[in-house]
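One letter stands for each residue in the lines below.
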Amino acid sequence: MNGSDVTREGSEGGRPGRAAAPEMLRGGPGADGRGRRKGGKRGRGEQLMAPPAEFESYYGRPVVKAPAWRARDIAGYFFLGGLAGAGSVLAAGAHATGRTTTATAMKVSSVVAVSLSTAALVNDLGRPGRFANMLRVVKPTSPMSVGSWLLAAYGPAAGAAAASAVTGRLPRAGAVATGTAALLGPAVATYTAVLAADTAVPAWHGAHRELPYLFAASATAAASGMALVVAPVRETAPARCAAVLAAAADEAVTKAVERRLGMVAETWHQGRAGTLLRTARTLTAAGAAVGAVFAGRSRTLAAASGLALLAGSACTRFGVFAAGIASAEDPKYTVVPQRAAKEARRTTPTHSAERTQPT
Amino acid sequence: MTDHLLGDHLLSGIEPGPARDAGHSGAPPRTGFFTDTSVCIGCKACEVACKEWNALPEDGLSLSGMSYDNTQGLGASTWRHVAFIEQEVPARGGPGAPARGGPLTAEGRTQLPLAETSDGTGGGLDEGTGGGTGGDLRWLMASDVCKHCTHAACLDVCPTGSLFRTEFGTVVVQEDICNGCGYCVPACPYGVIEQRPSDGRAFKCTMCYDRLGAGQEPACAKACPTESIQYGPLDELRERAALRVDQLHAAGVTDARLYGHEPDDGVGGDGAFFLLLDEPEVYGLPPDPVVTTRDLPAMWKHAGTAALTLAGGIALAFAGPALRQLGAATVRRGRR
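Taken in order, these protein sequences are the chains called A and B.
The first sequence begins at -7 in my numbering and counts up by one.
The second sequence begins at 9 in my numbering and counts up by one.
Hints in this document: simulated from the structure, not taken from any laboratory.
One or more hints might be untrue.
[What the hints assert, rightly or not] Not close to chain A: a few residues of chain B, all C-beta gaps over 10 Å, as computed: (1) ILE49; (2) GLU55; (3) TRP61; (4) ASN62; (5) LEU69; (6) CYS196; (7) PRO233; (8) THR234; (9) GLN238; (10) GLU247; (11) ARG248; (12) GLN255; (13) GLY335.
[Said to hold, decoys possible] Chain A is faced by these chain B residues, among others (derived, beta-carbon under 7 Å): (14) ASP29; (15) GLU202; (16) TYR291; (17) GLY292; (18) ILE322; (19) ALA325.
Don't be surprised by glycine CBs; every beta carbon is placed ideally from N, CA and C.
For reference, chain A alone in the conformation it holds in the complex (with noise of 0.2 Å):
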């Protein structure tokens, strides 16, 4: 505590004039840190120059609560969700531009994918035996009911594809869910950012209309990749084009977040969530780079290219959930956002009261 020593007697150490006893008092635990909690030193009733960081809160403790989500389950989900969904329209361009190795393969990932996220969905639910209760009722406000009722549609849809392509049997009715699978794709990749941002999570909510195309993004990064890996090399000139066309998004979109999230920012460029977008963004610029200059050369550089797009895509979704547990877990991103708003607000009347009087 400020380099004093506080016994019994009264503080050791410490400056004149500081008393010991008030002190331990009033810090009480948090003389240890875990009390309440004070961003900057304030006198009450004071005026502070640089508000920014000051905040108060109950012992340090979250004002909101975190998902109890498993990150391997729900950002596993985002992953997959996005990796199918693309993937089902690059599967369809591919169809109906003679790539049928490509899309044979595109479709089997989707379908592959699709069904290992409906499984980490349930499999995060505390009750999965009750996963059915998703399809009780139809509900717009929820984007787990609208995602749910988006999975049950696609699903299908892509695994018809898939079986289709497969089997060579139906070509008809393999060319219809193929073009359902495209239609329903990109709704599946992009809704999780709504469930994402529908929260009270700072990161997630602050960032709620850039998050969607961040996803869209990651998706394509994703798809792309996947195509990278499994199609024929002349076959592979679309993936390259999409993959440079999504890691610039990738990177531009991040940017407009950091700008619009201000403080809660730093939960993207901190811990786990920071080390995993940077990671990312490298993964998927240098596989998107690679990708466009030897992908329609070297078999194993397509491959090495879509390996780390697919990497780099994983990367975004994880680091993102985790940069929403670390702005949950922290009131700072909690309160002082929200106090500034409320500052925003009454100053505002003020400010225009001002304007309105002659001067």
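Given chain A, work out where chain B should sit, using these hints.
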């Protein structure tokens, strides 16, 4: 279209009759809690009564080191939580400060000051507890509970319909429907609802729905010995709370303020609101909570645009190489 479909006024803003809007015809007046923390004595009778009536399981017997608060916060098995805050109050003692002993009330009782002021009679210096800051300590106690928001994010985001609006305007989880998806947990702007780890499902205060139906008041309000927790029709409670704040301000307790009472706040007003003696965040409450679904129409629009962008981007990725091939073929043909 989404605006029309979802109804903007049902997602945020003033909504006078949430029970009626939820489909309860002939609903009784909306009821709620007014928790006046200025008379809370920290006895935790509300916590105990709640646990007993609702048969809530034990959820930890550890010592937290947070003053007298070992409950620590609301959760799946804690539906009332008494917060204890020890504060140093700087010396005020100016004109208007309540004198020690306090004024007599209309009923002839002695009203004790809410915030003890250090006017030199505290004897702190003699005992070595006063010190150079000249401050004194005050103890804030407050019983927290689910706010039963007018715009309840937990209810809005629940994918199973397990969470519903009762005829009293309160928000209740149906345990036989909840499948433990846990979406309501991060949706709540107050961090109230939680999944019980041993059970998987989400639980929170029901405002004693079973008691309300039988014309009883909730167990916590019944047990509160100081009427810090008051239950009744929300309109009536709001009037009573406004009078109480005026009374406290007149008595010199200028810190007194209401929290969650305004029908036009970020959650459309709370069904359980509070009288606080400091900033909300000091009690662990969010200073300016907003129901997340206020922004849901915008989110769906952005998700739709993003989905179209995704499809367009991939279409472009197929068109690009095709156009290049076409261009190359044209050039070759031209050369020939």
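Now for the hints, and whether the structure bears them out:
no., hint, verdict
1, ILE49, "holds, 19 Å"
2, GLU55, "holds, 16 Å"
3, TRP61, "holds, 24 Å"
4, ASN62, "holds, 19 Å"
5, LEU69, "holds, 18 Å"
6, CYS196, "violated, 6 Å"
7, PRO233, "holds, 24 Å"
8, THR234, "holds, 22 Å"
9, GLN238, "holds, 23 Å"
10, GLU247, "holds, 25 Å"
11, ARG248, "holds, 25 Å"
12, GLN255, "holds, 23 Å"
13, GLY335, "holds, 13 Å"
14, ASP29, "violated, 13 Å"
15, GLU202, "holds, 6 Å"
16, TYR291, "holds, 6 Å"
17, GLY292, "holds, 3 Å"
18, ILE322, "holds, 5 Å"
19, ALA325, "holds, 4 Å"
Of the numbered hints stated above, those contradicted by the structure are hints 6, 14, listed in ascending order.
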